[in-house]
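Chemist: Listed in order, the protein sequences are those of chains A and B.
The first sequence begins at 0 in numbering that gives the first Met the number 0 and counts up by one.
The second sequence begins at 0 in numbering that gives the first Met the number 0 and counts up by one.
No wet-lab data here; the hints were simulated from the structure.
Everything numeric in this text was worked out from a predicted model, so none of it was measured.
Glycine included, each C-beta is placed from N, C-alpha and C at the ideal position.
Be careful, since some hints might not be right.
Non-contacting residues of chain A with respect to chain B, defined by C-beta distances greater than 12 Å in every case (computed) [unchecked claim]:
hint: 1; residue: 49
hint: 2; residue: 50
hint: 3; residue: 74
hint: 4; residue: 84
hint: 5; residue: 219
hint: 6; residue: 288
hint: 7; residue: 313
hint: 8; residue: 321
Derived DEER-like restraints, expressed as beta-carbon distance ranges [unchecked claim]:
hint: 9; chain 1: B; residue 1: 159; chain 2: A; residue 2: 106; range: 32 to 42 Å
hint: 10; chain 1: A; residue 1: 53; chain 2: B; residue 2: 337; range: 51 to 61 Å
hint: 11; chain 1: A; residue 1: 135; chain 2: B; residue 2: 183; range: 29 to 39 Å
hint: 12; chain 1: A; residue 1: 183; chain 2: B; residue 2: 183; range: 32 to 42 Å
hint: 13; chain 1: B; residue 1: 190; chain 2: A; residue 2: 62; range: 37 to 47 Å
hint: 14; chain 1: A; residue 1: 69; chain 2: B; residue 2: 191; range: 49 to 59 Å
hint: 15; chain 1: A; residue 1: 88; chain 2: B; residue 2: 109; range: 39 to 49 Å
Quick partial rundown of chain A residues pointing at chain B, CB under 7 Å, derived from the structure [stated by the list, open to error]:
hint: 16; residue: 82
hint: 17; residue: 92
hint: 18; residue: 96
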Amino acid sequence: MARIELRNVQKRWAGATAVERIDLAIDDGAFVAVLGPSGCGKTTTLLMLAGIYSPTSGDIAFDGARVNDVEARDRNVGIVFQSYALYPSMSVLENILFPLRFAKVGRAEGERRAREIAALVRIEALLERRPSQLSGGQQQRVALARALVKRPRLLLLDEPLSNLDASLRLTMRTEIRRIQRELGVTTILVTHDQIEATTMADRIVVMNAGGVEQEGTARDLYERPATLFVATFVGSPPINVFDGVAAGDTVRVRDATLPLSSSAAGEVVVGIRPESVRANGNGMPARIAAVEPMGREVLYTAEGALGAIRFVEAGADARLREGDEVALDYASRDVLLFDKASGRRLETRIVS
Amino acid sequence: MHAPTLTAAPARADGADWAALALRARWRRTAEQSALLAFLLAVSIPILLPYFWMVVISFTARSGGVSTSVLWAACAIIVPAVMIYCVVHLIAPSTRVRLVAALVLLVATIALLIALVGPALHVANYRFLWRRNIVEEIRSKATAGGQFPSVWIAFRNSLALALSETVIILAVASLAAYYVSRFAFRGREAFLQGLLVLHAFPAMTLIIPLFLILHWIGLLDTIVGVMLVLATIELPFYVFVLKGFFDAVPWDIEMSAMTDGATRRQAFRLVVLPQVRVGLIAVGVFAFIRAWEEYIFVRTMLIENTHWVMSLYLYWVSDDIMGVDYGIVAAVSVFYVLPSLLLYVFCQKYLTQMTIGGIRG
């Protein structure tokens with residue numbers, strides 16, 4: 000178990016920069032998710048932590064000690080790849096025993112530990128099988144067991160659930176969480192799926208274009224996104240965004256003028272979450288353009304003064320139909336304002 | 000065209016026509032299969048017949064000429080048997096019937112062969128296996144190059160050449176292919192293109208320079224010299240083939256092995272190599288057979304008769320007694336072919352997979 004720090008870490012390849020600059024501290028025993036779109040540098044960061052890549056500049060520290068030059072095999076890090084990366088020529092038991100070969104653990108002790116960890120991830124019955132004879136979920140558990148058997152100080156999970164079907168993903172989410180709690184191992188989960196990040200991790204680091212956009216709890220990211228990127232990346236369905244121009248105490252979006260709590264100037268982006276919009280009969284007039292029932296809720300798209308706006312209503316049945324005239328209202332404290340040029344959120348708010 | 004289909008449709012719908020359609024489909028399948036079988040039989044005859052003839056001669060010929068009567072007798076028994084089986088295979092409904100038919104035919108064929116051809120068979124042509132001075136005996140005088148060596152010396156030389164060839168190529172090609180597949184280095188593209196160009200380059204053109212080089216470094220007329228020459232010429236191709244296999248091994252398992260505590264070398268040996276096992280076996284078999292059948296380079300670079308390999312032994316046997324005793328030449332040929340044939344039979348399933356791996360790369 001260890002406290003992990005990345006200080007000013009950068010990774011450049013011959014032609015491109017994969018990781019621009021990362022500063023991050025992860026507490027001992029924490030479960031942190033690194034969330035970002037593909038190509039944002041999150042896997043590169045993970046492989047730098049594992050010791051496969053070494054950073055171009057900056058430091059990586061385990062428990063305060065710089066490990067940049069420590070080889071992958073000496074870092075005692077467990078890793079689960081998206082592809083699981085099981086060794087196809089070995090049985091499940093041999094796969095789990097593999098890390099112990101190099102850890103100077105005796106055969107009997109190794110077997111005992113392998114069986115113990117196999118019980119923890121519930122694959123005791125599969126030990127003699129080959130990876131090719133396992134389902135995706137079982138392979139995932141084997142990969143987890145192999146990563147954990149040497150009692151790593153850091154567990155890295157690279158998109159571990161993306162190859163599983165929906166129901167299995169749900170199970171494994173809780174399973175991984177349970178195992179992490181039981182062992183108390185510092186864990187970093189890399190994912191592009193916000194649900195995985197918010198449900199499994201204590202803290203979430205949102206990455207974009209090689210840098211950290213924001214770090215915080217799921218609630219922080221949702222309610223107080225630091226940047227427009229975080230606001231659009233977190234939340235489903237995605238936040239409605241409108242370009243506007245602020246002048247003095249108002250912001251103008253197309254035909255609408257919205258009052259501000261404090262003065263601002265220049266181009267801004269107004270963000271309104273679909274969940275905070277209500278079609279309750281008083282507010283801006285709009286016409287329903289699309290109705291998409293999604294099971295527990297209905298997603299509507301309406302055309303109004305701001306432009307196209309999406310909102311959701313709970314309930315399985317659609318109350319409104321295409322072409323209906325509605326009046327949209329929203330809680331003004333839920334409206335987010337961003338500076339268009341920098342993408343950073345402005346402290347000023349809409350008042351009603 | 001539309002009208003008949005439209006009128007035919009209701010007739011089918013009532014079910015009366017299904018049986019006729021099924022019957023037609025069955026007949027068509029049978030016809031297609033018989034055409035295919037006939038074609039395959041026809042094209043395999045020119046390939047199989049010479050080998051079969053060689054085997055027949057080696058067991059029947061006596062000093063003097065070659066009589067083809069045994070060959071035709073054997074063919075007269077085997078060809079109808081194969082054809083009968085083909086017909087049974089096409090007509091017989093179940094595997095059990097086919098199996099029984101195959102067994103009956105096999106027993107009948109063997110019985111007929113023993114009865115008609117059996118008396119003509121003998122193993123005297125294989126006496127070169129245990130007699131040394133066979134050529135001298137037949138020609139009742141010494142050969143030009145002195146005493147003819149025992150076949151086992153040539154066999155041992157061939158085996159040494161082929162095995163060491165296999166070992167060298169496997170060791171060098173696997174490491175080189177792994178490096179080319181996994182590492183970025185200056186001139187990697189040029190290196191890969193060079194491999195292909197080298198393979199396209201006819202090696203025969205190098206025969207004189209190679210002869211001179213071997214002479215200067217004192218390896219002329221040694222097995223080691225030929226071994227080095229063959230390995231050098233063959234390596235580029237095998238590096239390229241194995242690179243394809245290594246390319247197909249995912250990076251993930253290697254990274255995984257390294258975070259599990261393995262060094263790069265251990266990861267290569269314990270995790271990556273088992274993944275390219277098929278490729279290694281295929282390359283090993285081809286390298287072995289290639290060296291086993293090598294003729295031009297050994298003919299040029301091996302002189303002393305104690306350095307002969309099997310291909311040279313066969314050449315000198317046929318050179319000295321061709322026209323006098325075909326039986327011995329055929330017997331030596333059969334003996335020469337046997338090891339590669341056995342290797343092919345045992346490794347066939349790996350060799351057929353190699354093309355797949357090769358294409359992937």
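Chemist: Hint by hint, note whether the structure agrees.
Modeler: Right, here's what the structure says about each hint:
1. Distance to chain B contradicts residue 49(A) as a non-interface residue, since its nearest Cβ pair spans about 5 Å, not more than 12 Å.
2. With a least CB separation of 7 Å from chain B, residue 50(A) falls inside the 12 Å interface cut-off, contrary to its annotation.
3. With 12 Å as the threshold on Cβ separation, the claim that residue 74(A) sits away from chain B is violated: the shortest Cβ distance comes to roughly 7 Å.
4. The beta carbon of residue 84(A) sits about 4 Å from the closest Cβ of chain B, which is not more than 12 Å, so the claim that it is off the interface is violated.
5. Here residue 219(A) stays apart from chain B, with its beta-carbon at least about 31 Å from theirs, past the 12 Å limit.
6. At roughly 45 Å, the least C-beta separation between residue 288(A) and chain B is larger than 12 Å, which holds for a residue marked as non-interface.
7. Residue 313(A), annotated as away from the interface, keeps every beta carbon of chain B farther than 12 Å; the closest lies near 42 Å.
8. No beta-carbon of chain B is positioned within 12 Å of the beta-carbon of residue 321(A); the least distance is around 43 Å.
9. At about 40 Å, the beta-carbon gap between residue 159(B) and residue 106(A) stays in the expected band of 32 to 42 Å.
10. For residue 53(A) paired with residue 337(B), a C-beta distance near 56 Å keeps the hint of 51 to 61 Å intact.
11. Checked against the hint of 29 to 39 Å, the C-beta distance between residue 135(A) and residue 183(B) comes to roughly 32 Å, which is consistent with it.
12. A hinted range of 32 to 42 Å for the beta carbons of residue 183(A) and residue 183(B) is consistent with their spacing of about 40 Å.
13. Between residue 190(B) and residue 62(A) the beta carbon distance is about 44 Å. The supplied range of 37 to 47 Å therefore holds.
14. Checked against the hint of 49 to 59 Å, the pair residue 69(A) and residue 191(B) fails, with Cβ atoms roughly 34 Å apart.
15. At about 43 Å, the CB distance of residue 88(A) to residue 109(B) agrees with the hint of 39 to 49 Å.
16. Hint on residue 82(A) holds. Least Cβ distance to chain B is approximately 5 Å, under the 7 Å limit.
17. Interface hint at residue 92(A): violated, since its Cβ lies 15 Å from the closest Cβ of chain B, which is beyond the 7 Å cut-off.
18. For residue 96(A), the suggested interface contact is broken, since its CB lies about 10 Å from the closest CB of chain B, more than 7 Å.
Hints 1, 2, 3, 4, 14, 17 and 18 from the earlier list are contradicted by this structure; the remaining hints agree with it.
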